[in-house]
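Protein chains: 2
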Amino acid sequence: MKVRLHDQFWQPKVRQTVQETIPYQWKALNDEIEGAEPSHAIENLRITAGEKTGAFYGMVFQDSDVAKWIEAAAYSLRHSPDPGLEGVIDAVVDLMKRAQQPDGYLNTYFTVAAPEQRWHDFAFGHELYCAGHLMEAAVAYFEATQKRTFLDMMCRYADYIDRVIGPDPDKMRVYCGHEEIELALVKLYRITNELRYLNLSRYFVEERGKQPSFLKEDPGFGAPSKDRWFELDYHQAHDPVREQHTAEGHAVRAMYLYSAMADLAKACGDETLTEALRKLWHHVTSKRMYITGGLGSQGHGERFTIDYDLPNDTAYTETCASIGLVMWAFRMLQLETDSRYGDVMERVLYNGMLSGMSLDGTRYFYVNPLEVHPAVTQYRHDMQHVKTERVPWFGCACCPPNLARILTSLDTYFFTQNGTTVMMHLYASNESTFDVQGKRLILHTDTRYPWDGEIRVGLELDEAVSCTLSFRVPSWCRTPRITVNGETLDLSAITEHGYAQINRQWMNQDEILLHFAMAAERIESNPKVHENAGKVALQYGPLVYCLEQADNGPDLTDICLPVNAEFEAGYRDDILGGIVVLSGQGLRSDPSWKDELYRPVIREDRSVSVLAVPYAYWGNREPGEMTVWIRSK
Amino acid sequence: MKVRLHDQFWQPKVRQTVQETIPYQWKALNDEIEGAEPSHAIENLRITAGEKTGAFYGMVFQDSDVAKWIEAAAYSLRHSPDPGLEGVIDAVVDLMKRAQQPDGYLNTYFTVAAPEQRWHDFAFGHELYCAGHLMEAAVAYFEATQKRTFLDMMCRYADYIDRVIGPDPDKMRVYCGHEEIELALVKLYRITNELRYLNLSRYFVEERGKQPSFLKEDPGFGAPSKDRWFELDYHQAHDPVREQHTAEGHAVRAMYLYSAMADLAKACGDETLTEALRKLWHHVTSKRMYITGGLGSQGHGERFTIDYDLPNDTAYTETCASIGLVMWAFRMLQLETDSRYGDVMERVLYNGMLSGMSLDGTRYFYVNPLEVHPAVTQYRHDMQHVKTERVPWFGCACCPPNLARILTSLDTYFFTQNGTTVMMHLYASNESTFDVQGKRLILHTDTRYPWDGEIRVGLELDEAVSCTLSFRVPSWCRTPRITVNGETLDLSAITEHGYAQINRQWMNQDEILLHFAMAAERIESNPKVHENAGKVALQYGPLVYCLEQADNGPDLTDICLPVNAEFEAGYRDDILGGIVVLSGQGLRSDPSWKDELYRPVIREDRSVSVLAVPYAYWGNREPGEMTVWIRSK
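Residue numbers (the numbering used here), protein chains in the order written: chain G, 1 to 633; chain U, 1 to 633.
Hints listed in this document are in silico derivations from the structure and should not be mistaken for laboratory results. Note that the structure is predicted; figures quoted are calculated from it, not measured. One should not assume that every hint holds.
[Unchecked claim] Keeping only pairs whose Cα atoms sit at most 20 Å apart, straight-line, the calculated PhoX-like set for lysine-lysine is:
id, chain 1, residue 1, chain 2, residue 2
1, G, LYS27, G, LYS52
2, U, LYS147, U, LYS187
3, G, LYS594, U, LYS2
4, G, LYS528, G, LYS633
5, U, LYS2, U, LYS279
6, U, LYS279, U, LYS266
7, U, LYS633, G, LYS633
8, G, LYS528, U, LYS528
9, U, LYS147, U, LYS97
10, U, LYS279, U, LYS187
11, U, LYS439, U, LYS2
12, G, LYS187, G, LYS147
13, U, LYS97, G, LYS279
14, G, LYS97, G, LYS171
15, U, LYS279, G, LYS594
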């Protein structure tokens, strides 16, 4: 399968990531961005390699920023070859090789700053987490270039880990507080066919949560665990994974664990893991997910809290958790075709993930709130984790390179193929080539998605091909219609689990038209979500919208949408580089308010124009208020 | 002036405070309440007196709990003589006398636990704060019993403080981080006529906020001041007091400062202080006061935040801040007759202050939130300061004895007299005796207030008296009407600054009827209060109402009051010991919600009965949700 995006929406972002973000982040890793928090990540490697003197600086998991950057750059090389960039990566890989220890260990913090602490702090040390990101990077770089150096280094590292950690009596029976190596080892297994890597991943996942937990004795666990938001459930270590039916703890950790479980379920054909994942999926998406696809309701512990607790202004909704949800959703689609997964993947991609990056690709949100009042947000102690404007870099810089790697690999999330079934999960103009039982199938997809739900898929075949083309019917579409060569299909007859399955002998130049009509729609929350009571969010196709002060003035909470207000969608090329805006009439309180706090109710609302923009685009103009949920009556 | 309350509302609470709360709190101070956090306050005194061994335990300001308890008990002796209680107080005073140091200093923490730290930590040491509370207690006890021992002890203490602190070059030029001694010294001055005490108070107030601030060099200031919510403004030390036009910092500290400023304005005839207070009053009440009269929007720093930031679920609204606001309001009324002050005093007394105590007088709220969802409140890190049920005592137990002292002195807040003008600020059945130019005036007030706004004031005179009787016309009353001997007065002609001034020659058995009709009313917030957008609060007379889960089921945010819904007020003796409830019809979302988080809007609200109870009474039945602000459309 080979997918080449050439659409109006994503491809410019991918190109920008390749042309701007990856070079920018390379500078950031080298501390060359003025005004940004220093990274020191490359310098840490030089110090570890003995080529520079100085002290380690940064988070214990600083290496993972380099790893994710290489992974992103490697993905970009697949579709955007760049010998200069490849040379830079080769040089970093060489530097890493010199920093790798004789036994295969590679970690700048524990080598330079705390050598005596190696394998001591599994709860918060992030050693295996960093190893996992390095492995993912090595696999990606090998796949992009077929160069083995980095991959071999990481196999050495994995071999070393496999020698010292595991269920055997002479090994440490531990796992990492922050999941990541589990899914990385499955990737390493897939590329090397080395079953030991799969088994080690399986060990990590199955050991997790067994009681009594080794973490309780872990030196790193002590201090934070007195804080109840950092207990075992923070690490998804409160129960064996198959007995976890609710999503708990640190949201990114959880997403990486569930992704690894899905990988193992597929690699091992383990239905018990799939069954556990279905329950977790249902729980997350029906109790603890923001409408933007954001996850994590509390800054303290960057974590899930309790069911239906989804505060908009103090949300954590970390960009990395959104990325993790995309990863998990796509892996679920590899286990079973169900639009529940595809719909959420689309929701988070277009909203809670994309909001993490500025339009120009150089500024980031770590936290993606659904409501911001800058003066309050900046003042209040309980909102200090929320930034009201994107910033150029973070001391804890997990999100920017994570965004880069998902954008440069976005093409891999559009399709899956299972024998003679080709499934299309996401919609954007692209040209994609498949091998169906030895025959070449090329799909030419053209669409203005997400600004328009009309999608044309033209087939290019060397000869007739019998296969099923399966298209996700988006749950937001009220009147989906599909034609093949002008003939309308009976969707109720062919739709299974939200996918329209068109099975026939396809001919060259067959044409499929997907009519997924988009319209401005009001969405309401379950009444158990106290924060959203009496409010609606505006959606248009896959996009969640928001109000910004730039368009609607201050005090956005004062705006109310009458029940009968029509919202019109219209493309505006003068706003935010060209977007579909939703516009209509709303109400604001009467202007007679004076310098008083409370008064008997006076009902003299006045009509005002209201303009909503896609949530992912907020914060790209002058700073101001923003809200996703709007009062309604 | 002598006021004897005998009403249905307050008098039982005062009696309960005398009969239950004061004995209960005495036990608490002696660590005899099972399940309550220990106090150790009396034991600290014994250790300080050298009569027990052991370590100091408690907050640095633990002494103030004893002081406030004595003050409360002393007030109670005025109207409820009790030789047994008086004996207990005498014994404590004797114990204190033995604990007092030869130089007059009296503080258990700094004598027992940190003698070398005496006068070292003005920011957070609370030494002068504790001294102030002891002085207030001594004045109250002298006024109640004419016994001088305690008063003399405190004069010795004040003399000592005056010797070591002040503007002279040989003294420490400092003031206390927590205001309190300032107002206490004015009381001490009033009772002793010792001008030095007034001057010392004036020094404390006028020194405050001068820059550069000595606090910046204060050893106690260092650590917390790195936290910006504990900077100079936390202590109201950011500007000289006359230049402070916005209420900043720790809410209780602010209220005690403003009270002291009002005392000094009156004692010194200082109009510059009054003018500063008017600005502060306007700021607090038009920008930063909850509808309950609660103050302090943030738990971290127990403080004011920014204008219009009034979150209901994370509110701090400390009971002591409410009490402080009552104190300040009453002092403003002593400076100028204006119902702005009386209205707020009434608001806070009946709502944000009274909510601090359970109906049975033995359980307390420190924090008085306006919205509680127990599961969320108990889970969330940013709500850990909020208790969902009242508790028997606190490690930091400032509030319970503070409530006791204001309830036992409540009679003193009803009237002020200025020459031949007698002003009635609060309404409750009482019998009050005044001396008007040597003639005795007795007012017999009868009312069911706050359940009913009909107030009868009968005059008992030995001979005709020419004077002005002035009655606050509550701002919540839409149709106030006053008759004298059956004749209706023209209120517009006689009302000044919200007080109906009836000036005439009064005869024995004259009868004044105040008809302050009460009705259920919806109140809305300034649109700049984001938290309350689209919501209303229900008021009835001086009472703010709330919804409780006990009456309305869970998910109170789901309830919406249609714009045309009528609310009926009715007395119900079967609820909460007898209260006026407000009942009407509201809407809840349709019951078709399944296990889903979001869906396109369906408008099928169903009608439900809604019952509201006075906010001050919430949390006296089974634990559950509560909200003051209710959605409206």
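Okay, the hints, checked on the actual structure:
1. G:LYS27 x G:LYS52: Holds. LYS27 of chain G to LYS52 of chain G sits at ~18 Å (cutoff 20 Å).
2. U:LYS147 x U:LYS187: Holds, at about 16 Å.
3. G:LYS594 x U:LYS2: violated, 41 Å
4. G:LYS528 x G:LYS633: holds, 18 Å
5. U:LYS2 x U:LYS279: Given pair LYS2 of chain U, LYS279 of chain U is violated - Cα atoms ~33 Å apart, limit 20 Å.
6. U:LYS279 x U:LYS266: holds, 17 Å
7. U:LYS633 x G:LYS633: holds, 6 Å
8. G:LYS528 x U:LYS528: violated, 26 Å
9. U:LYS147 x U:LYS97: The hint holds at about 14 Å.
10. U:LYS279 x U:LYS187: Distance of about 25 Å is beyond 20 Å: violated.
11. U:LYS439 x U:LYS2: holds, 14 Å
12. G:LYS187 x G:LYS147: Since the Cα atoms of LYS187 of chain G and LYS147 of chain G sit roughly 16 Å apart, the hinted pair holds (cutoff 20 Å).
13. U:LYS97 x G:LYS279: violated, 69 Å
14. G:LYS97 x G:LYS171: violated, 26 Å
15. U:LYS279 x G:LYS594: Measuring from Cα to Cα gives roughly 16 Å; hence the hint holds.
In the structure shown, a violation is registered for the earlier hints numbered 3, 5, 8, 10, 13 and 14, in ascending order.
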